[in-house]
Every structure is written in structure tokens, then in C-alpha cells.
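K.L.:
Could you put together the complete structure from these sequences and hints?
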Amino acid sequence: VTINAISESKNAVFEFYENIGQCATIQDFIKSKAFTKIYENLMPQIYKKIPQISHLSFDTILARYGKASILKFIENKLDYQPNSYSLDGVDELTTMKEILIELEDILFSDSKFKIMALNASKDIAADQQKLEGANMILKKHIRELMIHFNLPFENVGIEPSIRELVNTGIEQFQDISGISAKQFGLKSYLEAFVRNIRLSEKFRSLSLSERNIGLILNLFTEQILSEQIGLNNSILYIYLLKRKNHFENLIFSRLSLYDQELSGLDDDEVKLFIDNFISKILNEDLKAVLNEVIAQKEVKITQKELHKESRAVSMMLIDIINNTRATEYYSRYTHTLLRFVETVYKAQNSGINEMIQHGVTVYKDFEMKSDALETYNNGSLKWIKDVMTKCGVISSEQPVQIHTRKATDAKKREYAFHKVDLTEEEIQLREENKKAAKAKKDASPNEYIKNLATKPQASFFGNRIAKFVEHIDAQDYRCKIVDKGLFKELVIFQKTYMKYLSDNYRLLGPDITSLEEIQNFIPDVVHVLGAPTKVLSFPKVGYFDLDGPNGKIKTLIGPLDNKADYFGNVKKPQFDSNQ
1 VTINAISESK
11 NAVFEFYENI
21 GQCATIQDFI
31 KSKAFTKIYE
41 NLMPQIYKKI
51 PQISHLSFDT
61 ILARYGKASI
71 LKFIENKLDY
81 QPNSYSLDGV
91 DELTTMKEIL
101 IELEDILFSD
111 SKFKIMALNA
121 SKDIAADQQK
131 LEGANMILKK
141 HIRELMIHFN
151 LPFENVGIEP
161 SIRELVNTGI
171 EQFQDISGIS
181 AKQFGLKSYL
191 EAFVRNIRLS
201 EKFRSLSLSE
211 RNIGLILNLF
221 TEQILSEQIG
231 LNNSILYIYL
241 LKRKNHFENL
251 IFSRLSLYDQ
261 ELSGLDDDEV
271 KLFIDNFISK
281 ILNEDLKAVL
291 NEVIAQKEVK
301 ITQKELHKES
311 RAVSMMLIDI
321 INNTRATEYY
331 SRYTHTLLRF
341 VETVYKAQNS
351 GINEMIQHGV
361 TVYKDFEMKS
371 DALETYNNGS
381 LKWIKDVMTK
391 CGVISSEQPV
401 QIHTRKATDA
411 KKREYAFHKV
421 DLTEEEIQLR
431 EENKKAAKAK
441 KDASPNEYIK
451 NLATKPQASF
461 FGNRIAKFVE
471 HIDAQDYRCK
481 IVDKGLFKEL
491 VIFQKTYMKY
501 LSDNYRLLGP
511 DITSLEEIQN
521 FIPDVVHVLG
531 APTKVLSFPK
541 VGYFDLDGPN
551 GKIKTLIGPL
561 DNKADYFGNV
571 KKPQFDSNQ
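Just so you know, we're using my numbering here: the sequence shown kicks off at 1 and counts up by one.
A portion of the hints provided could be inaccurate.
As the list claims (entries may be wrong) - The calculated label-pair distances, taken between Cβ atoms and stated as ranges, are:
hint : residue 1 : residue 2 : range
1    : Ala63     : Lys187    : 42 to 52 Å
2    : Leu56     : Asp88     : 50 to 60 Å
3    : Lys122    : Val90     : 38 to 48 Å
4    : Thr533    : Glu18     : 27 to 37 Å
5    : Gln52     : Ala347    : 17 to 27 Å
Claimed, not checked - Quick list of in silico lysine-lysine cross-link-like pairs, DSS-like style, CA-CA up to 27 Å:
hint : residue 1 : residue 2
6    : Lys419    : Lys406
7    : Lys390    : Lys130
8    : Lys484    : Lys364
9    : Lys488    : Lys122
10   : Lys139    : Lys346
11   : Lys552    : Lys488
12   : Lys346    : Lys419
13   : Lys382    : Lys411
14   : Lys484    : Lys534
15   : Lys297    : Lys308
16   : Lys346    : Lys308
17   : Lys540    : Lys412
18   : Lys140    : Lys406
19   : Lys382    : Lys140
20   : Lys287    : Lys346
Please keep in mind that the hints were generated in silico from the structure rather than gathered at the bench. Quick caveat: nothing in here was measured; it's all calculated off a predicted structure. We put the beta carbon where it would ideally sit given N, CA and C, even for glycine.
P.N.:
Structural data, given as C-alpha cells:
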């Protein structure tokens, strides 16, 4: 596998080779160089998101949570061996699970575009079937990896009720911390909750508040701490009381209404009568309020609100155990608990994106039948033949994922296309102006500067790009022939830009280029996407016209730059030809 990205961008393109499909088992897959490269490449992004290990060095992370730890853990399970000395440290297994959750989230995200490259054969249909099959094999290995750690995969998203979310939170808390919910000091936690209500400014401003706080506490003891409803329901009801301050707001609205009625009475005897009446009905009123709050337990949580709600549940459970044991120690589990609870119901990226999103077949290291590029103009175009044979030319494509989504670094065209070379007509005109200036007796000394050629000829850039191809890293580039429209185009992709192949396929449709067509190909347009900045220097994006066997070859150069990562730069030649 090769991994290409622009500068420090989080967006990357992964290109797998055909031998990745030869991994027969999960052990072979984990041992493969492809998994090693992906895992170690993504690990810096992953472990910084996990508070428990974000302070550790990268070497320490690989030593504790590298692929060797994963492999040993899985082999122990498959061989029915004890898991001693394999993720057996305090919180090590929990941390590894959190790493794999983040791995799935990043690997299948829109920012990671994954391509499969096969050596092209004469049987195009068989090649396309291999591309589809390789995707299924790779996804099967990732699925099995997640299953061994009891983690979900390809979740399409569920909208849980508050009751289901709290029950999941309790279950995950017990797995993470090893502490049973039976050890929760719910009574002291409820007393602290009631105390906070009593001490709040708005509650203290009511005349009825002090004498009714005891009623609230007694009601909680009877209705919430009762053994008949079960421990999980007690925790659920406490969460509903705290959720969005629902109970406090309802109680305040009821008591403030009564308080307003009493304050409006001038007769002390009537006021005393009304006060006694309110005291008698208030207990039933409080029960009605509590029942209204508890009725919220079946409310469904949308995917949009899932993170916020999971965080609230996790923080309450951690707060209860901290309050029970008079410590802040368990706050370290807040993030882990949140991720585990959320993952159970969250729509995962693996349920949206495929492991391989686009497939290509490539011809490489072939011999050209036509020697026109090699012999024309003393070999000035030989670099075109070299880049095609070194980097390989895409023969056919297969859109493995139907609706491919991708993240780009630029959302609009940042750089205009500039013509960077002088034409023969411009050179002749400048020479004539120079001669005319010399012929004038009273010519200004500035005439020389006015006629100075500030742009070089196209051959200058031709030599530069030939030098670039001479030292090119063939693993970082791919070529594609586009023979639709008014001209024949050769696109030289730096692999970071290969994510746009799926968009090109959608716009232009299927296109198969045979080996014979490649061997006799002479372009009208050469489009380099992702060339080093030194090829042009300035401006960032430019074009020039090289002499070719069939006329001028328009050569467009785009830089390997975050601001140039925009599909408009890729499709511009096709749009211009249609105009």
C-alpha cells in the first residue's frame, strides 16, 4: 500500500496493490505490510484523541498498542490460550478498544480515499470482478478484527430511548471500571441534588420553598430509591431529574404560581386557609411532576443529539461514583465511557463507505510501439514516454462504491491558470521593437527594459519537467489517458489527486484504454496534477505549449498544494474543450 497526502493535511489517498487480497486469514492480514503501514500512519491521529494515552510518546504507544499486541491477543483467542501477558495491564484492553473505535472512524471517513490497483490483463471483466472482491475481503478482515474485541462494525445508526441509553451506560461503566452499580451511593447523590435545588437563588426566593424541600426528599426516597423498581430504573430516574434541569424547572413553575396567589392576598385568615390547602395538595402535585419527568424515559434520541446525550449520561455515572467514594479518580474514564456508549448506537463510517472505493487496472513497464515521442525534436518529448512506462497507465476503472464522498482541502479555485511561456510571435515582436528603439537617435534608455522578455520560452519548462520525470518517484504517480472530446489528454496524477477519479468516472462514464492504444499514444494535452513547486515556481498554476509531432502539446501544471486540491482544476481541460 502507498499513502499520499498533501503537506500536513488530514486528507489522504491509500492505494492498495493486488497482493493484499492474498491474505487468507485475519492473522495474515495483521502481519501484512499494508496493515502495518496503515495502522502506524493513522496512529498519530488516533492516540492524540484519547486522553488516557495522549501524553505518551509515539514509540511507547507502538510498544504497548502496536500490531504485535493485537496479533497476540487474537491468536490467544483463536487458540483458546489464556490472555496473560496480552493487554493484561490496567486499562490496556479498554484503551486498545478505544484505539480500534477511532481507527474505524478515521479509516472509513471521507478524508481517507482508498483505491485498489491491479496489473491489467486482457480479461477486463475478470479484473473488475477482482476489484469488487478485494473490497469484500479487506472489509471482512476489518470486521473480524472488530468482532474479536467485541466492537460493532457497519452500524447504520439506531435512535435509542433515554432508558436504553442509560442502561447501556451502566453496562459499559461496569465493563470499563470493574465496579458494580450496586456500589453507587444513590441516596447521598439524591440528597446532594435536592440540596442544590434548595440553595439555588430562584428557589430560595419562594416563600413555600423551605417547608416543601422535605416533601421532595421523602418523595424521592419512596419513588426513586425503592427496591421494587430496580437499580437501573433508580439511576434512570435520577438522570431524568437532572436532564436539562427538567424537574427543577417544573417544581419552580408550580411553586411560583402558588407563591403569586398567596402574595396577592391581604387577609391573613384567608392566606392561612389557602396556605393549608396548598400544603395538603402539594404532595400529590409533586407526584404528578415526578411522573411527568419519568414519562420522558421513552423519548428517542436522534443521531444529532446522541453525542450530547451520551456525554451527559457518562458524566452523571462518573459523578455518582466520585461522589460515593469522595474522589476524582474515576473522571479519567469519562472520555472512554462516552465513546463506548456512543459507539453502540452511532452510525459508523464503515456502514457508509467501502474499504475500497475505486478500483483501477494498470499497464506498467511496457514498450512503446510508436517512437515519435522518443525521436521528435532530439528527444525533447521523451519524458512523456518515460512517465507513462515508469508510473503506469490506467487501463480501466471500477467504481466499487456507488456514491463516493470525499473531503478536499480547497472548496474553490484559489489559483488562476496563467500562460507562462512566450510565443514565437511575441518574441519576434520584441525583437522588432528592440531594433526600432536602436534606430531612434533620441530613444529613451527605458526602451530596453520595456522590451525585455520576462517570461521564458516553452522549451525552458519542457526541460524542467523532463528533469522532474527523470528523478520522479514512480510509486507516487499514475497516468491516465482521456480520449473523449476534441483532444487526447494525458493526465499525470500525484496519487493524492487520484480521489478525483471517481468524479471523473461519474462525469465522463466508463472508459477502457487498451495496451495497443497506450503504446501508440501521442497526447494533444498533458495535465500534471501535483507537480513539485519548482517545476513552475511562479505562478502556482500555469500552462505552456510544447512542439509535438501532431502540433502544439498544451501542458498544464498544477502544484502539490492544499489550495490546489480542488476538482475544478481536474475537470478544467474537459470543460474548456466543450466550450
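K.L.:
If a hint holds in the structure, say so; if it does not, say that too.
P.N.:
Hints versus structure:
Between Ala63 and Lys187 the CB atoms are about 45 Å apart, so this pair conforms to the stated range of 42 to 52 Å. For Leu56 and Asp88, the Cβ-Cβ distance of about 18 Å falls outside the hinted range of 50 to 60 Å, so the restraint is violated. Taking the beta carbon of each, Lys122 and Val90 are about 58 Å apart, not inside 38 to 48 Å as hinted. Between Thr533 and Glu18 the C-beta distance comes to about 33 Å, which sits within the given range of 27 to 37 Å.
At about 25 Å, the beta-carbon gap between Gln52 and Ala347 stays in the expected band of 17 to 27 Å. Restraint check for Lys419 and Lys406: not satisfied, since their Cα atoms lie roughly 31 Å apart, outside the 27 Å limit. Our distance criterion of 27 Å between C-alpha atoms is met by Lys390 and Lys130, whose separation comes to about 24 Å. A C-alpha spacing of about 22 Å is found between Lys484 and Lys364, which places the hinted pair at or below 27 Å, so the restraint holds.
With a C-alpha separation of about 23 Å, the suggested pair Lys488 and Lys122 falls inside the 27 Å cut-off, and the hint holds. In summary, the hint linking Lys139 to Lys346 is supported, as the alpha carbons are separated by about 19 Å, within the 27 Å threshold. Of the supplied pair hints, the one linking Lys552 and Lys488 holds, its CA atoms being roughly 12 Å apart against a limit of 27 Å. Distance hint between Lys346 and Lys419 is unfulfilled; the C-alpha atoms sit about 50 Å from each other, more than 27 Å.
For the proposed pair Lys382 and Lys411, the alpha carbon gap of about 36 Å is over 27 Å, so the pair is violated. Simply put, Lys484 and Lys534 have alpha-carbon atoms about 31 Å apart, too far for the 27 Å limit, and the pair is violated. Restraint check: the Cα-Cα separation between Lys297 and Lys308 comes to about 16 Å, which is no more than 27 Å; the hinted pair holds. The hinted pair formed by Lys346 and Lys308 meets the criterion: a straight-line CA distance of about 12 Å does not exceed 27 Å.
Among the hinted pairs, Lys540 with Lys412 is consistent with the structure: their alpha-carbon atoms are about 15 Å apart, no more than 27 Å. Pair hint Lys140 plus Lys406 holds up; C-alpha atoms about 23 Å apart against a cutoff of 27 Å. Between Lys382 and Lys140, the direct Cα distance comes to roughly 44 Å. Violation of the 27 Å bound is thereby established for this hinted pair. A hinted pair counts as satisfied when its Cα atoms are at most 27 Å apart, and Lys287 with Lys346 does not qualify at roughly 35 Å.
Consistency note: the structure conflicts with the earlier hints numbered 2, 3, 6, 12, 13, 14, 19 and 20.
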